[in-house]
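Asks: Those sequence lines, one after another, are chains R and C. Heads up: the first sequence begins at 1050 in my numbering, then just goes up one per residue. Heads up: the second sequence begins at 1050 in my numbering, then just goes up one per residue.
Don't take every hint at face value.
Which copy is meant is left open, so a pair is good if it fits within one copy or across any two.
Using 30 Å as the maximum straight-line C-alpha spacing, the simulated DSS-like pairs for lysine-lysine come out as follows [to be verified]: (1) LYS1126 x LYS1152; (2) LYS1152 x LYS1067; (3) LYS1206 x LYS1152; (4) LYS1097 x LYS1067; (5) LYS1134 x LYS1097; (6) LYS1067 x LYS1079; (7) LYS1079 x LYS1126.
Simulated from the structure, these hints should not be mistaken for lab results.
Take a look at the letters that make up each chain.
Number of protein chains: 2
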Amino acid sequence: MILYLVRHGIAVDRTDPKCPPEAERPLTAKGVQKTRSAALGLEALGAKPDVLISSPYVRAAQTAEIFAEALGSSPEKIRVSEALKPAENPATILNEISRLRAKEVMLVGHAPHLDLLVSHLAGARGPFTSLKKAGVACLEQASGHGRWELRWILTPKLLRDLAD
Amino acid sequence: MILYLVRHGIAVDRTDPKCPPEAERPLTAKGVQKTRSAALGLEALGAKPDVLISSPYVRAAQTAEIFAEALGSSPEKIRVSEALKPAENPATILNEISRLRAKEVMLVGHAPHLDLLVSHLAGARGPFTSLKKAGVACLEQASGHGRWELRWILTPKLLRDLAD
Chain R
1050 MILYLVRHGI AVDRTDPKCP PEAERPLTAK GVQKTRSAAL GLEALGAKPD VLISSPYVRA
1110 AQTAEIFAEA LGSSPEKIRV SEALKPAENP ATILNEISRL RAKEVMLVGH APHLDLLVSH
1170 LAGARGPFTS LKKAGVACLE QASGHGRWEL RWILTPKLLR DLAD
Chain C
1050 MILYLVRHGI AVDRTDPKCP PEAERPLTAK GVQKTRSAAL GLEALGAKPD VLISSPYVRA
1110 AQTAEIFAEA LGSSPEKIRV SEALKPAENP ATILNEISRL RAKEVMLVGH APHLDLLVSH
1170 LAGARGPFTS LKKAGVACLE QASGHGRWEL RWILTPKLLR DLAD
C-alpha cells in the first residue's frame, strides 16, 4: 500500500476577527491557489489514490476536494473520518486503513497529527518532520509484512515546481 | 545546520567480470549521467554546501565531484572520511560533523549506512528509508538544540524533474 499524507492548505488565521470556529476555518484565496499547485505536482508524479479520507474540518475537506479534482478523482468519493482530527491518536486512523483493500490511500489532515503518524510508521520515538501546509509525505508498505518506508517528502513549493 | 545526504550513483555491477575491487568500483556511464541530472536538481533547489565530505570509495568520490561541480563548488574542497564507509557506525560521522562550523554540509556515501544515519537522526529504532542511487535526503537541525528534522527526501527522478 502507498500512503499519501497531505496537510491542509493555508486557512483563515485564528486571530482574524471574522474567523469562524476552529472546525470551520476555511482556506484563504492564497491557500486555495497554493493547494491547487501542490495537487497538480502530485498529479505529475502519477499519484492515483483509490481511497481519499479527510478530516471533518473544513480546511481539510476543502484541501481533499482540490486534490481529488487535480488527481481526476470524484470529490463525492471522499470519505470523512473523525480519526484524522488533530487530537486523535495516530493508531486510530492506521487501524482504519489497515482494513482497506486499496493500493493507494490519501489522508488529508492536520499537523502535528500527520507528523506523529509519520513517526509512528517509521518506528521513531517522536515526530521528526514538520509537514508544511499543502505538503505531502509518501510512505509505502511492502506487501506481506508490516514495515513502512518513507519514500519521499515534498514541500508545496517542490510540488509546484514538479507540476511546471 | 542543513545536512544533505547523497547516495552514490549507479556503479559497475559486482557480478561484472571486469569489476574492480569493491572500494574501486566506478560509476557507469548511465550512473554519471543520472547523477549529474540529480545534482542539477539539487542546484535548482538552492543547495549551497559549505563542506562536502565523501566516502573514500571511488563511486562515492565520483558522485561527490559531480555534485560539487553542479553546485558551483570546487572539487578540490571535497574532504574524504573513513566514517562514511558502508560498515561504519553512523554516530562516527555525526561526531565529525558536530565539530564543524558550517551552515550546509553534504555527505556522499552508501546504503544502508546513510539510511541508518537518517533513522539515527530521527530517533527511530531502525531504518525507514531506502535512499535510491543519486537520491538525496535533507535534514535540518535548529540552532540551540539537538533535534533533527527531515525536511525532504527526493529520488533522482524527482531531482531531475526539478532541474528541468
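Asks: How do LYS1126 and LYS1152 come out at 30 Å by Cα distance, when the copy is not named: within, between, both, or neither?
Replies: within (16 Å within a copy, 46 Å between copies)
Asks: With identical chains treated as interchangeable, where does the CA-CA distance between LYS1067 and LYS1079 reach 30 Å or less: within a copy, between copies, both, or neither?
Replies: within (17 Å within a copy, 57 Å between copies)
Asks: If the cut is 30 Å between Cα atoms, do LYS1097 and LYS1067 qualify within a copy, between copies, both or neither?
Replies: neither (37 Å within a copy, 43 Å between copies)
Asks: Is it within a copy, between copies, both, or neither that the alpha carbon of LYS1134 lies no farther than 30 Å from that of LYS1097?
Replies: within (24 Å within a copy, 39 Å between copies)
Asks: Reference check for the pair LYS1152 and LYS1067, CA-CA at most 30 Å: within, between, both, or neither?
Replies: For LYS1152 and LYS1067, the Cα distance exceeds 30 Å both inside one copy (41 Å) and across copies (41 Å).
Asks: Can you tell me if LYS1206 and LYS1152 fall within 30 Å by alpha carbon in one copy, between copies, both or neither?
Replies: both (27 Å within a copy, 22 Å between copies)
Asks: Using 30 Å as the alpha-carbon threshold, which applies to LYS1079 and LYS1126: within, between, both, or neither?
Replies: within (25 Å within a copy, 43 Å between copies)
In summary, the structure is inconsistent with hints 2, 4 from the numbered list given earlier, while agreeing with the others.
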